[in-house]
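Number of protein chains: 4
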Amino acid sequence: MRFSKAYPVVLMSRRAESYDDIVKDIEQAGGNAVGVSADVMDASSLSSAFETIKEKLPNHKLAAAVYNVNTGFARKPFLDMEIGDLQTGLNGAAGGFFNFAQKTLPLLLDSVSDAPSSPTLIITGATASLKASSQFSSFAAGRFAMRALGQSLAREFGPKGVHIAHAIIDGLINTPATQAWSSGGKPDSKISPESIAEAYWYLHKQHRSAFTQEIDIRPYSESF
Amino acid sequence: MRFSKAYPVVLMSRRAESYDDIVKDIEQAGGNAVGVSADVMDASSLSSAFETIKEKLPNHKLAAAVYNVNTGFARKPFLDMEIGDLQTGLNGAAGGFFNFAQKTLPLLLDSVSDAPSSPTLIITGATASLKASSQFSSFAAGRFAMRALGQSLAREFGPKGVHIAHAIIDGLINTPATQAWSSGGKPDSKISPESIAEAYWYLHKQHRSAFTQEIDIRPYSESF
Amino acid sequence: MRFSKAYPVVLMSRRAESYDDIVKDIEQAGGNAVGVSADVMDASSLSSAFETIKEKLPNHKLAAAVYNVNTGFARKPFLDMEIGDLQTGLNGAAGGFFNFAQKTLPLLLDSVSDAPSSPTLIITGATASLKASSQFSSFAAGRFAMRALGQSLAREFGPKGVHIAHAIIDGLINTPATQAWSSGGKPDSKISPESIAEAYWYLHKQHRSAFTQEIDIRPYSESF
Amino acid sequence: MRFSKAYPVVLMSRRAESYDDIVKDIEQAGGNAVGVSADVMDASSLSSAFETIKEKLPNHKLAAAVYNVNTGFARKPFLDMEIGDLQTGLNGAAGGFFNFAQKTLPLLLDSVSDAPSSPTLIITGATASLKASSQFSSFAAGRFAMRALGQSLAREFGPKGVHIAHAIIDGLINTPATQAWSSGGKPDSKISPESIAEAYWYLHKQHRSAFTQEIDIRPYSESF
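Residue numbers (our numbering), protein chains in the order written: chain A, -2 to 221; chain B, -2 to 221; chain C, -2 to 221; chain D, -2 to 221.
Treat the hints loosely; a few may be bogus.
As the list makes no split between identical chains, a pair holds if one copy fits it or if it spans any two.
[Stated by the list, open to error] Quick list of in silico lysine-lysine cross-link-like pairs, DSBU-like style, CA-CA up to 35 Å:
#1 K58 / K157
#2 K128 / K73
#3 K53 / K2
#4 K73 / K21
#5 K53 / K128
#6 K128 / K157
#7 K157 / K183
#8 K73 / K2
#9 K128 / K21
#10 K202 / K73
#11 K183 / K73
#12 K100 / K53
It is worth saying that the hints were derived from the structure and are not from the lab.
If you're wondering where the values come from, they're calculated on a predicted model, not measured in any experiment.
Please model the complete structure; the sequences and the hints are all you need to start from.
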């Protein structure tokens, strides 16, 4: 992770399996990483995770926070859905981000005066943040709502010096999970995770006279 | 209401006070109107309302349905909000519309073959459906999500002959509730409810070779 | 043409063949129509056309004007283009509309005080008004520029009572020229010209408290 | 200029005064810079400028090209405009960029196979690339058209390995020319030119699996 060259990095996920390997990688590269388990949909779980972080990194302020949630996005005809399907989309994206922003924004505001770069909150969006395809109503509803939250927060907290950015990841990310998925067959046609990290690092380093609110990221080979 | 010149009209709201006067107006003008109380956030309340409608209008198919919800939109700094504030915005707009669409789409599909105009489902959106202002995060999140649902449904049900349209009402509506609110002082600077009804009626009457998915409606005097 | 039921209609085109049949149709239906030849890219040709109109309809004010230009839109790789290809796209769409608006806006402003409906200027846009596809750079540049002009004029002339609207025609129109083109094979999968006329008529009739600036029109069967 | 740390830089402008100081600055910092006079609206002037560049840097391929044009943007009521005002906006933005892209794209394509970073063509857009304000019709028409060209080229040349990006500069740039202009009085409320250079450098360095097509850049203090 690009950030670990400059800062201690906190990785938060529901299950330790999601971050254990990355923590080891960062530490082997000479960086400092802390893994914490938490469920963003559960405010008290999130609170105790932030307590843990404070204990493990008592002398650090928060420089940047990245929200990235995987709610799944199974294609489903609308009339086969139940209200619970909609809530899964809305809670994971908008609800989880709401809780995450409630916890991180006070810490980011507290960093404004003495941080080398503007404290930054980045939201990971998707193609469905802008366009709601047939049979993806729940997924898109959550992504649209999360983008709305990011826009509103950018307008509220930007003038206070906190940079809120929304990245639209328009393509498959090259991960073990997408290994088997086709993306057209050309080389580099899946987004490299390192490139996303570089983008987020660049957003974090932007001077406050030149914040980006929304950026799209897609493989050169992707049609759009 | 423009529709009552051509069809029996069903008015549904949580409280009878919201529709009693309109029902009387329609009946005095020679139309046929039925008022039903229901809470769209409550699926069983909605189900029994649709049972009532079926009893009162046994020989009619559903020609058009309009979703319009007033969740309130109090300006609130993000860090003063609780998760319940977000849920109010999301449930009223996206959740309520989800329930409403689940009930009306099967009826609208059933009307496709013999309706004089394409069966129509119209969503009433707002400026905040496209732009999330500072301190309106919950309201905008709900409106963005509702727009996503409408877009997805248009792509799924349009090809089946059901017209799904989303109207962006960009300005104050001229109602008793907004009487005291200023809108710049020029005449006709608040949207007349009759004009919205005309817009919805026009959308309903569109030929299926020429559906509109999104329309904006704003006073001539409104800056945008 | 929908407008001819209410008003005398002026049809302007470079060649008389383009309007002769429509003029006859309108007159046979009991309406009043005048055909005038003019080249919108040529300001003096346009001026003399408006002189002719004034002579033929001396007692009428201008109620509505529709701009619709066919610049052709041949797909062409960018490096095979010459600057003249770009200018064809820009001049036909943006330049022609500029000349047309210069002539019609003073007449429309003059109609504001006593017209039954708000004087209206409608621009016919296309899918390419919003999205510039590969190898359609010239066509899209002209359509984007024309949309910009419409937006700016709506903001300048709306508050003065002239309604400026932009229609995005997203699909094939059912004309003799498109007869041979496939649009998926479903019935009504090409936009009926009558439906566009109905849309424009509805836009013209909108109350000034509820103007639409942009409307999309597409067949129910069109994917988008 | 950020690029001069890695590459020889060519600066092209109508007048030598526009680049002379920057060339000196780059050379004093140990970089290599070439200034060339050319008028992008004049294809032959542009051709001879590219001949000059080839002579001065015979062993270099083109790594990146940035298009930035200042057409002026005087506010002007539409009915006070002449067709020449429109053409100034269209030719400077869309026409000039067309000529520039015609010259640079073959060179950028030629660099794809052996360049360390993807060859890049960046367009400098403005707030008016997305929104056409009242009385800015000519300026906005040019900016809309230029954005269309960029979008179309991104779709055509991205899959060939050339990165086409469009930057929306939404705020005043901190230059001698804007010194006297107010931007709200907060520190850093005008965009620093170095920040724009950093953004363009970042876009140039993006991996081809993660191209950005459009980025917005605005001061933290700017309302939007």
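Okay, the hints, checked on the actual structure:
Proximity of K58 to K157 under the C-alpha cut-off of 35 Å is restricted to the intra-copy arrangement: shortest distance 17 Å within a copy versus 44 Å between copies. Proximity of K128 to K73 under the C-alpha cut-off of 35 Å is found in both arrangements, the shortest distances being 16 Å within a copy and 28 Å between copies. Within a single copy, K53 and K2 get their C-alpha atoms as close as 18 Å, which meets the 35 Å cut-off; across copies the closest is 40 Å, which misses it. Taking the shortest Cα distances, K73 and K21 never come within 35 Å of each other, neither inside one copy (38 Å) nor across copies (42 Å).
When the C-alpha separation of K53 and K128 is checked against a cutoff of 35 Å, the pair qualifies neither within a copy, at 41 Å, nor between copies, at 39 Å. With identical chains, the CA atoms of K128 and K157 are at most 35 Å apart both within one copy (31 Å) and between copies (20 Å). For the homomeric pair K157 and K183, the shortest alpha-carbon distance between copies (11 Å) is at most 35 Å, but the shortest distance inside one copy (44 Å) is not. For a Cα distance limit of 35 Å, the shortest separation of K73 from K2 qualifies neither inside one copy, at 42 Å, nor across copies, at 38 Å.
Taking identical chains as interchangeable, the C-alpha atoms of K128 and K21 are never at most 35 Å apart, the minima being 38 Å within one chain and 42 Å between chains. Taking identical chains as interchangeable, the C-alpha atoms of K202 and K73 lie at most 35 Å apart only when they sit on different chains, with a minimum of 30 Å there against 40 Å within one chain. Both within a single protomer and between protomers do K183 and K73 lie at most 35 Å apart by alpha-carbon distance, with minima of 29 Å and 24 Å respectively. For the identical chains of this complex, K100 and K53 are intra-copy neighbours only, at 17 Å inside a copy versus 52 Å across copies, given an alpha-carbon limit of 35 Å.
In the structure shown, a violation is registered for the earlier hints numbered 4, 5, 8 and 9, in ascending order.
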